[in-house]
Structure formats: C-alpha cells, structure tokens
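Novice: The primary structure of each chain is shown beneath.
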Amino acid sequence: MRAEPLRLALAAALALWLAMPLIPLAIWSFAHGWRFPALLPGELTLDAWTYALSPASGVLESLGVTIFIGLAVTLLAALVGVPAGRALGLHQFRGRGLVLMLLLAPVILPGIAVALGLHGVFLRLGLTGTVTGVILAHLIPVLPYMTLVMAAVFAGFDTGAEEQARALGARPAQVLWHVTLPAILPGLMTGALFAFLVSWSQYLLTLSIGGGRVQTLPLVLFTFATSGRNDVTGAVAMIYILPGLLILALTTRRLTGRSPVLGPGIGPGTDR
Amino acid sequence: MLRSLALLLCLAAPALAEPADDALKAMTWDQILAEARGDSVTWFMWGGSDQINRYVSDHVAGILARDHGITLNRVGISDAVEAVNIVLVEKEAGITTGGAVDLIWINGENFRSMKQAGLAFCSYTDLLPNNALVNWDNPAIANDFGVPVDGCQVPWNTVQFAFAHDSAVVADPPRSMPALLAWIKANPGRFTYPAPPDFTGSAFVRHVFVHAAGGPEALLGPFDQARFDAVAARTWAILNEIEPHLWRQGRTYPTTIMQLNELFANGEVDFTFNYDPSQFGLAVQAGLYPETVRSFGLTDGTLANTNYTLIPFNAPNKAAAMVVQNLLLSGEEQLHKARPEVWGASPAIELSRTAPEVQAGFAALTGHPSVVPAAELARAALPELQADWLTAIEAGWLAEVGR
Amino acid sequence: MLAPALLVLGGLFLSALGLTFLRSLRYMPAIGLTEPDLAAYAAILSSPDFLAALGLSLWIALASTLISAALALGTALLLRRGFAGRGPLFFLIQVNLTVPHVVGAIGILYLFSQSGFFARLAHAGGLIDRPAEFPALTHDPFAIGIILLYVWKEVPFITLILLARLQAIGTDPEATARSLGATRWQAFAHVLLPMLMPALLAASALVFAFAFGAYEIPLLLGAHAPRALPVLAWQGFTDVDLAARAEAMAMAVIIALVGAAMLLACARLALPAAARDAR
Numbered sequence: 000m001r002a003e004p005l006r007l008a009l010a011a012a013l014a015l016w017l018a019m020p021l022i023p024l025a026i027w028s029f030a031h032g033w034r035f036p037a038l039l040p041g042e043l044t045l046d047a048w049t050y051a052l053s054p055a056s057g058v059l060e061s062l063g064v065t066i067f068i069g070l071a072v073t074l075l076a077a078l079v080g081v082p083a084g085r086a087l088g089l090h091q092f093r094g095r096g097l098v099l100m101l102l103l104a105p106v107i108l109p110g111i112a113v114a115l116g117l118h119g120v121f122l123r124l125g126l127t128g129t130v131t132g133v134i135l136a137h138l139i140p141v142l143p144y145m146t147l148v149m150a151a152v153f154a155g156f157d158t159g160a161e162e163q164a165r166a167l168g169a170r171p172a173q174v175l176w177h178v179t180l181p182a183i184l185p186g187l188m189t190g191a192l193f194a195f196l197v198s199w200s201q202y203l204l205t206l207s208i209g210g211g212r213v214q215t216l217p218l219v220l221f222t223f224a225t226s227g228r229n230d231v232t233g234a235v236a237m238i239y240i241l242p243g244l245l246i247l248a249l250t251t252r253r254l255t256g257r258s259p260v261l262g263p264g265i266g267p268g269t270d271r
Numbered sequence: 000m001l002r003s004l005a006l007l008l009c010l011a012a013p014a015l016a017e018p019a020d021d022a023l024k025a026m027t028w029d030q031i032l033a034e035a036r037g038d039s040v041t042w043f044m045w046g047g048s049d050q051i052n053r054y055v056s057d058h059v060a061g062i063l064a065r066d067h068g069i070t071l072n073r074v075g076i077s078d079a080v081e082a083v084n085i086v087l088v089e090k091e092a093g094i095t096t097g098g099a100v101d102l103i104w105i106n107g108e109n110f111r112s113m114k115q116a117g118l119a120f121c122s123y124t125d126l127l128p129n130n131a132l133v134n135w136d137n138p139a140i141a142n143d144f145g146v147p148v149d150g151c152q153v154p155w156n157t158v159q160f161a162f163a164h165d166s167a168v169v170a171d172p173p174r175s176m177p178a179l180l181a182w183i184k185a186n187p188g189r190f191t192y193p194a195p196p197d198f199t200g201s202a203f204v205r206h207v208f209v210h211a212a213g214g215p216e217a218l219l220g221p222f223d224q225a226r227f228d229a230v231a232a233r234t235w236a237i238l239n240e241i242e243p244h245l246w247r248q249g250r251t252y253p254t255t256i257m258q259l260n261e262l263f264a265n266g267e268v269d270f271t272f273n274y275d276p277s278q279f280g281l282a283v284q285a286g287l288y289p290e291t292v293r294s295f296g297l298t299d300g301t302l303a304n305t306n307y308t309l310i311p312f313n314a315p316n317k318a319a320a321m322v323v324q325n326l327l328l329s330g331e332e333q334l335h336k337a338r339p340e341v342w343g344a345s346p347a348i349e350l351s352r353t354a355p356e357v358q359a360g361f362a363a364l365t366g367h368p369s370v371v372p373a374a375e376l377a378r379a380a381l382p383e384l385q386a387d388w389l390t391a392i393e394a395g396w397l398a399e400v401g402r
Numbered sequence: 000m001l002a003p004a005l006l007v008l009g010g011l012f013l014s015a016l017g018l019t020f021l022r023s024l025r026y027m028p029a030i031g032l033t034e035p036d037l038a039a040y041a042a043i044l045s046s047p048d049f050l051a052a053l054g055l056s057l058w059i060a061l062a063s064t065l066i067s068a069a070l071a072l073g074t075a076l077l078l079r080r081g082f083a084g085r086g087p088l089f090f091l092i093q094v095n096l097t098v099p100h101v102v103g104a105i106g107i108l109y110l111f112s113q114s115g116f117f118a119r120l121a122h123a124g125g126l127i128d129r130p131a132e133f134p135a136l137t138h139d140p141f142a143i144g145i146i147l148l149y150v151w152k153e154v155p156f157i158t159l160i161l162l163a164r165l166q167a168i169g170t171d172p173e174a175t176a177r178s179l180g181a182t183r184w185q186a187f188a189h190v191l192l193p194m195l196m197p198a199l200l201a202a203s204a205l206v207f208a209f210a211f212g213a214y215e216i217p218l219l220l221g222a223h224a225p226r227a228l229p230v231l232a233w234q235g236f237t238d239v240d241l242a243a244r245a246e247a248m249a250m251a252v253i254i255a256l257v258g259a260a261m262l263l264a265c266a267r268l269a270l271p272a273a274a275r276d277a278r
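Chains as they are written, first to last, in numbering that gives the first Met the number 0: chain A, 0 to 271; chain B, 0 to 402; chain C, 0 to 278.
These are computed hints drawn from the structure, not numbers from a lab.
Everything numeric in this text was worked out from a predicted model, so none of it was measured.
Every residue, glycine too, gets a C-beta built ideally from N, C-alpha and C.
Be aware that a few hints might be false.
[To be verified] On the chain B side, residues computed to face chain C include the following (Cβ under 7 Å):
no. : residue
1   : Asn84
2   : Asp136
3   : Asn186
4   : Pro187
5   : Gly188
6   : Tyr252
7   : Thr254
8   : Asn265
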C-alpha cells in the first residue's frame, strides 16, 4: 500500500520522539563528567548509582516513603471510591451532574490552588509535616480518578448476577466476594494503577504539606536536578520511573495483553 | 480524686517529654549527654553537595549513633529560608514545643530573621565543652553579617568568596574588580551571575557595590539611606552598563548558582564563583569541571564570613542538637572536613587552641590544586555588610537591573 | 454509598480552596486581620510582574494545547489501523503515560539546552562552535522547552482518549459517507472530525488547565523572568512578608478560576457523553 512506508516512517519518528528524553538521563547516570561538546561521556563510572543507592543520599528511604504513601492512598481511594463509583455508575439521581463536577474539579483545577490553602487547613489540624497528612492530601487528586474509573466500570455492570446470587441465599459479603469483586477486578486494577501513579508523581502537594520532613522521591529528584549533579539526577530519575514501568508490565500481562489504559475508555491520563 | 490525678499527669506530661529550656541550661554536660541519648536530631541543611551530604549522613551520623546513641536525620533543602519559614509558620500557629526542626545550617539574613522574630534558642553555647575552641573575640565570628551572635548559634565553617576559571581557556584572568568589569566588556557573552536573591549572586552584586563605594569602610555599621542611595546609583549604572555584554545579552540571568555552575562546566561562560572555594575542588573530583580549573580572589578583596548551626526555639530535641553542635566544633571533625577529599572546608575554631595532633593534621593538609588556599584569600578579605544593606541591595537590583 | 467520597472531597478539597480564597482576601484572624479586602488583588493586577506571568502562562497553555491536540489527532488516525510496529508504538505510548512530568522535563533540559545533546550534535556537525551559538530553547523567554515537554507528555494522553473514541465510533460512519460519494477528506472532515470533537475538546481543556497551572516544569525549564504564574505564586507563598503571601493566595485563586473555566468547558462536552455511557 502506498501509505504503508509513510505510516512506518511516522511511527518510527514518533517512537524515537517518545523515547528520546529518557536516553540522556540513562547515559548521565553512568557518566563521570560529560561536558560540551562530547557526544558521549568520556569516562564511565558507577559512582552515581553507588551514591544514589547509599543511605547517605536518602534516595532509598524516600523510595520507601513514596511507595508506602502510594499504596496507602490507593487503598483508601479504593475503599471510598468503589462504592462511590457504584452509586455513580448504576444510578441516575438528581444532582448527579453536580457530583461529577465535584469529582472532576480536583483533577482539572491546578494543584497549586489547593496546596496553598490545604497547608493552612492541615496546620490547624497538626497534619503538616506528617506522612498521614501527605496521604490525605494525595487523596484529593487520587479519589476522583478512582471513582470515575469505577463509575465507568459499573456503568457496564450487569447487576443480574448479584441478584441471582442473593436469590440463591448468598449473604451480602459472599455476593461481594464471589460475584461483584471478580467482575470489577480488571477495572479496579486500572483504577488502582491510575491512583498509584497520580500519588507517585505528586510534587507540589507533598512539598507544601510535607513541610520538608516528608521526602518523597520526586522531591529528592528535584533537589538533585537543581543542584548540578546530572549523574546522580539521572540515576534517581531511572529509579523513579521504574515502579511505573513495573506496574505497567504487570497489569498489561494480567489483562491478557490489552492495555489497561484503553480498558474503560474514560478518565483523563495519569499523573497530573 | 482520679480527675485531679489525670490533670496532674497532663500537666506533667510535657515536662516528662523534654526538659524546659531553663532546666536544660542548668544541666551539666554529662547530664545533657545522658538526656540526648536515644533522641533523634532533624537537621535542615543545604543539600546541593553530595560530598557534604555524605560527610554528614555517613561520617557525622555514624559517630553520633556509635558514641551518643543519637539518630541524625539530614533534611536537604535548597535554601535555609525554607527552614526559617517552617519555624516561623509554627510560631504563628502557636507551636512552641515539638516543632519540626532541631538544627539549621544558617547565616546572614536568615539568622537575622530568626533572631529578630525570636525563633532561635539562645544563651546556651557556654555549655558546649568545645565552645572553648571558638575565638569569640574575633568580630568576624561574634557577628553574623553585623548581627551579634549573642549565643544563639554555633560556628561551623569560615568561607571566603572566590572566583574560578578554566586555565586552559582563560590563561590570565582579571584579578581585581575593575579588571573584571573591563574583561566582561571586552569578552561579550562570556560572563554572567545568578540573579539576586540567590545567595551567591547577591554576594557578587555586593562586591560590585563595595567597589562602587570605593571600599568597605564607608559601608560598615548600620544601614544609612543616604549613603546607600549614592552608592546604589553608581552600582546600578555599572551593572546596567555591563548587562548587554553578559551571557544571552543580559536578557535573562541564571536563577541559581547551580545554573551558573552548569554554564561554567559546559564552557558557556568562562567564570563561576562561590563563597566556599572547596566546591571547585569537589566539582573537579566529581568530573563536573575540567582538571585545569583554578580559583582566585580579588586584589581589592572578597567577602569573608562564617556560617553556623542554630537550634530553633521550639526544637523537640535540643539536648541532642547541642551534642551534634559540640561534635561539629571538635578539632577532629574540623580537621576531617578540611580534607579535600571529604569537603575541604575551612575551620571556624582557633587552631592554636586544639590538640597537637589536630594542629599537625592541619599543617600537613595539601589542598586541592583547583582550590585557592584560604590563607591566600585571607590576605584581602572584606567584612560582610549588615543585613539591612543586603535587603536593600537585593531589592534595588530587582528594581533597577533585573527588569 | 456516595457519602464517604463526597465527605472526603468536600472536606479536604473545598475547605482548602475556601481557605485559599479567604487568605487572598487578607482574612487572617490569627494575626488580627479581620476585615477582608481586595488589597491583594489590587496589588497584583497592577503589578507588571503578575501581568507578565499571567501572559506567559496563558501563552504556554495555549501553545501546548493547540500543538498537542493537532499532533494527537494525527497520531490517533495513524494508529487507528493495524500495521507492523503498531504494538511497540503502543507500548511506548503507555510508558510515556507512566513517566512523571518532572523526569521528562529533566530529559528535555539535557536534550535541548545550549550545551545539551542537540547542541553537541550541531557542534559535531560543524554548525556551531560554542554553546551560545545554539538557539536558546530552554530558560528562554518563549518557553519553548516548557512547551516541548507538555507536547511530549500530552500527545500520548490525548491520543489514547481519541483512540478510545475512535474504537467506539467504528468505521461505519465514514464507510457510509464514502458509499454516498464522499471523498476520503470529506468523510474525515465532515463526518469523523465532528464526532471526535467533543472528546478532543474535553481532553484539550484538561491539557490547558494543566499546562496553565503546573509548577515544577516552569521551575526547571523556565527563564528567570518573566516567571510562569504558579512559580510566582509559590514564591510569594514562601515569602516571609505577609503581604506577599496574601498576593500569592490571590494568584492561586486566579489560577483556580482559569481551571474552573476549563472544568465547565469539559463538563459541557464530556458529561453528556458520560451520561450516555451510564444508561
């Protein structure tokens, strides 16, 4: 077909463009100095990685903190978002549009508008500088994603199976565990993926609520990026994108090759 | 009966948690050491140098854990003002005990902010045994940018502003401010400085200010509006005159000293500068700068000052923080951090008061070739102006030059 | 069932916004300011720094959104049909979604700065001698680096939304149009494009709001002056001076208003579709 080589060329250009910004980061992480005009670093070393993985840099500790916060936020969002999504997806009710607006608002409104005021609120509650405070703060952008994804999942959900199970005498908990959960699991995994990634990439919210005491990985990365140590920055950046890639790999396979992102067909992208 | 007991417990609880300031100041050093054991210290300090981070997080923290049972938590920040803001906001919210910050690496305007707002823990430094090593008669140490220290902070390093160049690119750099200004005009696009209020950029502007005043003598002492206006007018004229000859024709300035270092490392500009010349040696060792980098001071003098560590008024672990400060002041630690492979920082203590082995250690130190020796810089040292001058100069630059 | 979620969001989100608004009116009873006034707003609206920042942020958002939307449309059409290499491209798009903006921004910096990778390529090719001769694409007054980063991150995002929509639309409408005698271009422009528009516009509204209000990307890639609005706002927020903090709150409110405008636009476009899906 005439268009085929053009299509391939465009696809190749696009692929190159998508991968490009990550490449210098990877190269820098192994460089011992890489000054203009060298196209490749003259000397390679593992110093940056050794430092990044050592306790002195605080990278591994912040990795643990960020993962913990991400998991906690995802869990909370699931607990609250699944029933909310069900209500939204299955039922038409007055004010539904308003609820949708309230859910969309934290996603669309830039974080800075929330972060500045939330700092004052949490200061009163004694939550600034605590991991709990950061978890609650992350819930603001995360919960809407989870709820909206679950709403889309429940929109296509057939309650018939649940009714049948109840008619056969199953208790509500059994219905939930054996009927509902397996049916919504793929969508729930997608929602959890989004939730985790949104929390994973939060910067300003953590900065304002964490008050310097809660050091998540994006904060540490930023400090290194603005301190001129490009080699360490590269290593930390690689560490930072790793969990996202892992999650992507795992969930794609679980969903038998289909992209979890294409699943529900609703919901804005990941890290905002 | 039970209720009054509960009330009593409630009243006693804060006292059980951490001794009140007066009780702390009445303790002996051994009691303070015992009090500090098992505590943690959250130290907010500039985190832009991984060598300094390693020195603190590995070496200092290791000694504290091993010898004193203290856990050191280093929190890296880009500017001490961030820590000041945390404590300030806490004070405004009424948090007078159990704040987030135990120790801050600080000096200058930030110290003045804290002292003026009553945010610092003061009048305790006599308790530190190693305080005897500090020469408090030296006005450069007893005053921080003209503000008397008054026992509110403990010295850590002395620094003096120096310039760096790549000797392979610029064989013979200008060594005085007039020569530098002439060089900038003769070599367009090869020089720039970070925009105030960046700490180092601000310092560079102050050097031009002192040059415009014809020397520091007229500027010492409290802020004088009339004198400021006269000198400022000449300063802005000089800076605006060289602006078109700067990098990017002066249409933009680097925001931080780190950006300037990056420009220097890649040869986009021919000079960088820093309060702590040991940073040049560290950068060469890390491969960031070429090995041909050399540093120098100015014949008409460069600014010298001391930096300190400070305990906030509401620090939850004051005793442990005092132990940390005492350790940092010790002859052994001042010597260790003076080693170029560790940091290369200049000591803030009087070497003649230290143990013979420490003095011998200092004498045997060979500095990094890229770092100009502190003794050489000290031959032409300028005292820091009082903090009010700084704020006025920064505001003036933003209004007159930065637009 | 909806209640806990609404409680959380209402409690946290609305109270945070509310406090931002209150503080912008200089209402801080803790230090004795009990009379709300518009002094902060007056101050910033007459400040050239603020107006320049607002202009810059609007420019960044507009340019990023337009370029991303156009490129995403093309990419979605490209990926519509299967071809060799589609799989790996899909994978790269998904990878792009998981990479946080900060990482991409640092990568763009290392690629496009005057001493970055492309500058070095130019030097190797004999086009330039010194970094200063390479065009200033980062830390520049036109925010080119910032726009490049947003395009890099948002094109995959909008593409996936469009692809989902394309899947739902299917090929029938276009086939019908072609069978009635329309050319390929007419089938696209008059049949497919209008059907894609709501999703495209909704996604663009999201991108606009984000590009307008993001903080860390302009901080990394932006020039010293003028600053992007969120950077200016944060600076004011961390200032020791109380007046500066009130002004920062006022700027945050303005940022929120722009976001709210995008929210309304998105709601008008996307909610009817969501309502349709729910039935």
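Novice: Taking the numbered hints from earlier one at a time, note which ones the structure violates and give those numbers from smallest to largest.
Specialist: 2, 3 and 4
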